[in-house]
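Engineer: Chains as they are written, first to last, in numbering that gives the first Met the number 0: chain Z, 0 to 251; chain S, 0 to 350.
Certain hints may be false.
If we take Cβ atoms under 10 Å as the criterion, some of the chain Z residues that face chain S in the derived model are [what the hints assert, rightly or not]: (1) 14; (2) 19; (3) 20; (4) 38; (5) 42; (6) 45; (7) 61; (8) 68; (9) 105; (10) 123; (11) 156; (12) 159; (13) 181.
Below 30 Å or equal to it, Euclidean Cα-Cα: the simulated DSS-like pairs (lysine-lysine) are [as the list claims (entries may be wrong)]: (14) Z:183 / S:313; (15) S:304 / S:146; (16) Z:149 / Z:197; (17) Z:161 / Z:179; (18) Z:118 / Z:161; (19) Z:149 / Z:161; (20) S:313 / Z:179; (21) Z:221 / Z:242; (22) Z:197 / Z:179; (23) S:210 / S:304; (24) Z:242 / Z:161; (25) S:146 / Z:197; (26) Z:197 / S:304; (27) S:313 / Z:149; (28) S:304 / S:238; (29) S:210 / Z:161; (30) Z:197 / Z:242; (31) Z:149 / Z:27.
Over 12 Å on every C-beta distance to chain S, these chain Z residues come out as not near it, computed from the model [to be verified]: (32) 22; (33) 23; (34) 59; (35) 74; (36) 83; (37) 84; (38) 103; (39) 144; (40) 145.
If you are wondering where the hints come from, they were derived from the structure by calculation, not from laboratory data. Yeah, the Cβ is synthetic: ideal placement off N, Cα and C, and Gly gets one too.
Given next are the chains, with one letter for each unit.
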Amino acid sequence: MSQQARIRAVIADDEDLARQIIREMLQKHPEVEIVGECSNGFDAVRMIGELSPDLLFLDIQMPKLDGFEVLELIADNIAVIFATAYDEHALRAFEYHAVDYLLKPFRADRFEAALERAKERIGKKMSATAEQLSAAARNPGQYVERIVVKDGTRVQIIPVEKLDYAEAQDDYIGLASQGKQYLKQQTISSLEMALDPKNFVRIHRSYVVNLERVTRLEPYGKDTHVVILNDGTRLPVSRNGLKRLQEFLSGR
Amino acid sequence: MHPISGNFRALLLYLAAWGPVSAILIYLFVSLGGLTWTRASALAIPLCLVFAFVCLSAWYSCRSIPLVSSGAWLAHLATAMVASLFWILAARAFADVLSTSESFSGIDQQLAGVYRILFGTGVLLYLLAIALHYVLLSNEAAHNAEKREMEAYSLARDSELKALKTQVNPHFIFNCLNSISALTSSDPATAREMCIRLGEFLRKTLGLGEKSQIALGEELDLVHAYLAVEQIRFGKRLKLEETTDSTAATFPVPPLLLQPLVENAIRHGIATLAEGGWIRIEIRNGSPQSLSIRIENNFDPDAPKRGGANIGLKNVRQRLDTTYGGRARFDVRADREQFQVALEIPAERTT
Chain Z
0 MSQQARIRAV IADDEDLARQ IIREMLQKHP EVEIVGECSN GFDAVRMIGE
50 LSPDLLFLDI QMPKLDGFEV LELIADNIAV IFATAYDEHA LRAFEYHAVD
100 YLLKPFRADR FEAALERAKE RIGKKMSATA EQLSAAARNP GQYVERIVVK
150 DGTRVQIIPV EKLDYAEAQD DYIGLASQGK QYLKQQTISS LEMALDPKNF
200 VRIHRSYVVN LERVTRLEPY GKDTHVVILN DGTRLPVSRN GLKRLQEFLS
250 GR
Chain S
0 MHPISGNFRA LLLYLAAWGP VSAILIYLFV SLGGLTWTRA SALAIPLCLV
50 FAFVCLSAWY SCRSIPLVSS GAWLAHLATA MVASLFWILA ARAFADVLST
100 SESFSGIDQQ LAGVYRILFG TGVLLYLLAI ALHYVLLSNE AAHNAEKREM
150 EAYSLARDSE LKALKTQVNP HFIFNCLNSI SALTSSDPAT AREMCIRLGE
200 FLRKTLGLGE KSQIALGEEL DLVHAYLAVE QIRFGKRLKL EETTDSTAAT
250 FPVPPLLLQP LVENAIRHGI ATLAEGGWIR IEIRNGSPQS LSIRIENNFD
300 PDAPKRGGAN IGLKNVRQRL DTTYGGRARF DVRADREQFQ VALEIPAERT
350 T
């Protein structure tokens, strides 16, 4: 092994043959070392956490977690090249944010071009953040059905209907679900955008609440209110939040 | 239904329009017939009310005689004259009754003096009514044409959608081509095999869609061609078990009935399981004249949702309904990690 600066790559795709062709095309590039291969979303997240590669080849439809969910859970300094068979909506987003995307089946020169772009990104140490990427890939008017969180080395999946509320904590958000708290690196604004506004309301700069859980709204002090959830949790409501909350409560 | 008498508001509006008409008639009776205002009113208002309803009959003649037909106006003129004569008769009868009362005595003679006026206005009014009804009819025709066009449009869209749904899933094609691309260098023989299988599958799919029924054996050929391709793609991940009664091969079934179900089992079953899964197909020639089919697969309940499952199932259910009415059975059951579709089809040939 030479000591030259290597690019460490991971391939995540559930089909053997799809991984094989990427492997084959990388043979011509001794500067790229394949440090891991995996065939499902959980393994991808775990492997990327352990190996922190520079480059990730990522399929979209995979068992356990799909490609977008994997993106949400990994560090955002990894250059990502999507390899997908057919996904018109995602394509639109990739045009703006991804290092590159490969449509299966792809030509060798197309692969070379993608790799070239990835190397540039890695050299400059800049890339679209994972959060931007996954947010852009979602269709407008379409909301997430579940939230994925890294819980130590495990990946926890929270269906949105089981999310009680979310709380901003510096660069993280705390997610409360069924009496447990999870931490995720995400801004509360981007979470708010990903959730269906029919069910979730931003009641405060730092809080998004599941309307299903709200049992009471009470005044608290002079100018503020609190909502009380069905498990007794009390959350502060800002003036703007109160307006939004009342709109929803009267609309129902 | 009559556009005016069939609609209460239209009828009120129509009768209101007769107000000015009776005013004109009263004026004519006074100025030309020399009647007093009271007598003219007592005569003209009830007469107008009667004629208003007589004029509604114009609708029937307008409907039976299209405006463009030759001699339409001649026929209408004749009808108008008849109607007008009828009106005069009615007027006479009415005047006779009125004249029995003291305050209106002699009104029958006075009426005889305005027969010409009555006849002339009668013909004119009836012709106006005919014109009005033609306008209403053409309105109705335009409305109907618009409605028909809308219906035709939605019908066309429906069939287009159906054609799209029964088409081959593009995701499947592109993934196959990618597998073939990978195999060309590592295993050319298998690459060729996969090309041939894919070709068979596509040719069969294109051919079968046009028929209304095919033999089960043909459908199974299609399913096998499809599974052969997927077997190469998924390798050991796809485990297949199949038991089919040998006597079932000639049983008539709608084309592309099983293939979408097996494709569902792959897309939402095997493809969600990293370690692989199984598909079980069981086909029995039931007694006395029915076919029962069961397709089962396992799946990962925690897998991310992939769209399209309900469309495939709905499509199959719909085709069973259109082919067999309520005589086919279609059950879908999802246990925790197991999915099952059960069908029972009667032995019926559709032409």
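Engineer: Next, verify each hint and record whether it holds.
Structural biologist: Quick rundown of the hints versus the structure:
1. 14: 6 Å, holds
2. 19: 5 Å, holds
3. 20: 4 Å, holds
4. 38: 5 Å, holds
5. 42: 7 Å, holds
6. 45: 13 Å, violated
7. 61: Holds, about 8 Å.
8. 68: 6 Å, holds
9. 105: Hint holds; residue 105 (chain Z) Cβ to chain S Cβ min 8 Å, cut 10 Å.
10. 123: 30 Å, violated
11. 156: 6 Å, holds
12. 159: Violated, because the Cβ-Cβ distance from residue 159 (chain Z) to chain S comes to roughly 12 Å (cut-off 10 Å).
13. 181: 16 Å, violated
14. Z:183 / S:313: With a Cα-Cα distance of about 39 Å, the restraint between residue 183 (chain Z) and residue 313 (chain S) is violated, given a limit of 30 Å.
15. S:304 / S:146: 39 Å, violated
16. Z:149 / Z:197: Satisfied, since the Cα-Cα distance of roughly 27 Å is no more than 30 Å.
17. Z:161 / Z:179: 11 Å, holds
18. Z:118 / Z:161: Judged against 30 Å, a Cα distance of about 41 Å means the pair is violated.
19. Z:149 / Z:161: Given pair residue 149 (chain Z), residue 161 (chain Z) holds - Cα atoms ~17 Å apart, limit 30 Å.
20. S:313 / Z:179: Distance ~39 Å between residue 313 (chain S) and residue 179 (chain Z) Cα, so the pair is violated.
21. Z:221 / Z:242: Holds: residue 221 (chain Z) and residue 242 (chain Z) sit about 16 Å apart, inside 30 Å.
22. Z:197 / Z:179: This hinted pair holds, its Cα atoms lying about 24 Å apart.
23. S:210 / S:304: 33 Å, violated
24. Z:242 / Z:161: Roughly 25 Å separates the two Cα atoms, so the pair holds.
25. S:146 / Z:197: Violated, because 36 Å separates the two Cα atoms, which is more than 30 Å.
26. Z:197 / S:304: 21 Å, holds
27. S:313 / Z:149: Given pair residue 313 (chain S), residue 149 (chain Z) is violated - Cα atoms ~37 Å apart, limit 30 Å.
28. S:304 / S:238: 22 Å, holds
29. S:210 / Z:161: Violated, at roughly 48 Å.
30. Z:197 / Z:242: 15 Å, holds
31. Z:149 / Z:27: 35 Å, violated
32. 22: 9 Å, violated
33. 23: The claim is violated: residue 23 (chain Z) sits with its nearest Cβ about 6 Å from chain S, within 12 Å.
34. 59: 10 Å, violated
35. 74: Holds: least Cβ distance 21 Å, greater than 12 Å.
36. 83: Residue 83 (chain Z) not clear of chain S: closest Cβ-Cβ about 9 Å, inside 12 Å.
37. 84: About 4 Å separates residue 84 (chain Z) from the closest Cβ of chain S, which leaves it inside 12 Å; violated.
38. 103: 4 Å, violated
39. 144: Incorrect as stated: the minimum Cβ-Cβ distance to chain S is 6 Å, not above 12 Å.
40. 145: 8 Å, violated
Checked against the numbered hints above, the structure violates hints 6, 10, 12, 13, 14, 15, 18, 20, 23, 25, 27, 29, 31, 32, 33, 34, 36, 37, 38, 39 and 40; every other hint is satisfied.
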